[in-house]
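K.L.:
Here is what each chain is made of, one letter per residue.
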Amino acid sequence: MNAPMNATPAPVKKLRVATTSLAGCFGCHMSILDIDERIIKLLELIEFDRSPLTDIKTCGPCDLGLIEGGLCNAENVHVLREFRRNCKVLVAVGACAINGGLPAQRNHLDLRDILEEVYQTEVGLSHGGIPNDPELPLPLNKVHPIHEVVKVDYFLPGCPPSADAIWKLLTDLLAGRTPNLGHGLLHYD
Amino acid sequence: MNATTTFHLDGEEIPFTPGQTIIQAAKAAGAYIPHLCWHPDFQANGSCKLCTVKVNGRFGSSCTMEAQAGMVVENRTAELDDKRRTLLQMFFVEGNHFCPSCEKSGDCALQATAYELKMMSPHFDMFYPDRAVDASHPDILLDFNRCIMCSLCVSASRDVDGKNVFYMGGRGILGRRVHINSESGMLGDTDFAATDRAASICPVGVILKKRKGFAVPIGERTYDLAPISAPDKETTP
Ligand code: SF4
Ligand code: SF4
Ligand code: FES
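The listed protein sequences derive, respectively, from chains A and B. So for the first sequence, our numbering puts the first residue at 1; every next one is plus one. So for the second sequence, our numbering puts the first residue at 1001; every next one is plus one.
I should point out that these hints are in silico values taken from the structure, not numbers from a laboratory. Warning: the hint list may mix true and false statements.
[To be verified] Label pairs and their in silico Cβ distance ranges:
id, chain 1, residue 1, chain 2, residue 2, range
1, A, Leu136, B, Gly1219, 34 to 40 Å
2, A, Lys14, B, Asn1056, 39 to 45 Å
3, B, Gly1060, A, Pro131, 55 to 61 Å
4, A, Pro52, B, Gly1185, 35 to 41 Å
5, A, Asp110, B, Asn1056, 37 to 43 Å
In this text, a Cβ means the ideal position worked out from N, Cα and C, and glycines have one as well.
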């Protein structure tokens, strides 16, 4: 017999997406939210795993991982590796993830000099001493982009990438296409 | 009879006059060959290799090779654009190109060429070199973190301004750089002026006018409006 005409289609299996901000400013995440009402359409296709949007603290198996920010401390490296282990596809989102961005502007300065100036010698600051709580992740000598530590599948430049660029990347990936940003969407600034 | 004859560029017939280089003829015909160190007003420098094409199956720099009748020139092939993208990635990692804080962003030939060639990442490990900024001149700032050593400032200052303010010197990947022709090595101790041709020739964000920041907002600048491959664009005015 023919199948009944009005059967509800089997629910589409949603893709699991994790996001994180490492050494970034959350600007890229704000830009994700800038897709505005398109987020409703997006939530029909995906569900979030670990992300500042869900407050889930560890990353489970995911189809897609979006990384904002580069690597400025040991915890960033740990989280990045957790994402790489769990995400089938990993995307570097924004200038900091791709080339270190603003945090990497400290790279031509000596780390000890920076800490001493900020916490001990600079006029007008509280001079409390360099923080050394075991809770605090140790800073790296230099800030690094994430492709120097793990394999990255796709890159989405911009500081931050525009909501339209993020939307194009997500819709391309969800449709199984290689993301392709044309003129106007590919920006480094 | 006129002296015009033709060659083929990606299948398109391009007329040229004897003595013209491939890129000069292509430019006159409105065809874009990616380039950084070449500028139509100056002698070819041949240093960046972005303009590399294949002429009858062999690689050559289109800014230095003279056009010949009947040449078959490949330009925007996947093979050549892949190599160009790699060259761009090397430029980006060997300097400090933090576009979001660069006044040249949106007007920059390096950045616009990287957009044109869809450079999505630096690919290589970053150098993060330590390069000097020279703010000694009252009207001009020099940020050598962004220099691509195209030599256009050297040519402009020497050939147009008659001042020889800049010269290339030193050796090696971090040693070779643009120097300033003054005893102190500082721009403030030269007769450089903001009205010099060399003050507006830099295709990237090294030679910048002071007190001119953000006159045009990001998003409305030269290459925000049209890609660098668009017919009427040139690296710098
Ligand atoms: S010179 Fe060009 S590529 Fe370099 S930072 Fe400035 S805008 Fe970006
Ligand atoms: S300062 Fe500018 S014009 Fe001079 S060599 Fe460097 S990039 Fe070229
Ligand atoms: S444009 Fe020909 S080598 Fe630079």
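K.L.:
So does Gly1060(B) sit 55 to 61 Å from Pro131(A), Cβ to Cβ?
P.N.:
The hinted range 55 to 61 Å holds for Gly1060(B) and Pro131(A), with Cβ atoms some 58 Å apart.
K.L.:
Quick check on a hinted range of 37 to 43 Å for Asp110(A) and Asn1056(B), using CB atoms only.
P.N.:
Given range 37 to 43 Å: violated, Cβ gap about 54 Å.
K.L.:
Measuring from beta carbon to beta carbon, are Lys14(A) and Asn1056(B) in 39 to 45 Å?
P.N.:
violated, 55 Å
K.L.:
Does the Cβ-Cβ separation between Leu136(A) and Gly1219(B) fall within 34 to 40 Å?
P.N.:
Roughly 38 Å apart at Cβ, these two residues keep to the hinted range, so it holds.
K.L.:
Range first: 35 to 41 Å. Now tell me if the beta carbons of Pro52(A) and Gly1185(B) are that far apart.
P.N.:
At roughly 48 Å between Cβ atoms, Gly1185(B) and Pro52(A) fall outside 35 to 41 Å, so the hint is violated.
The earlier numbered hints that this structure contradicts are 2, 4 and 5.
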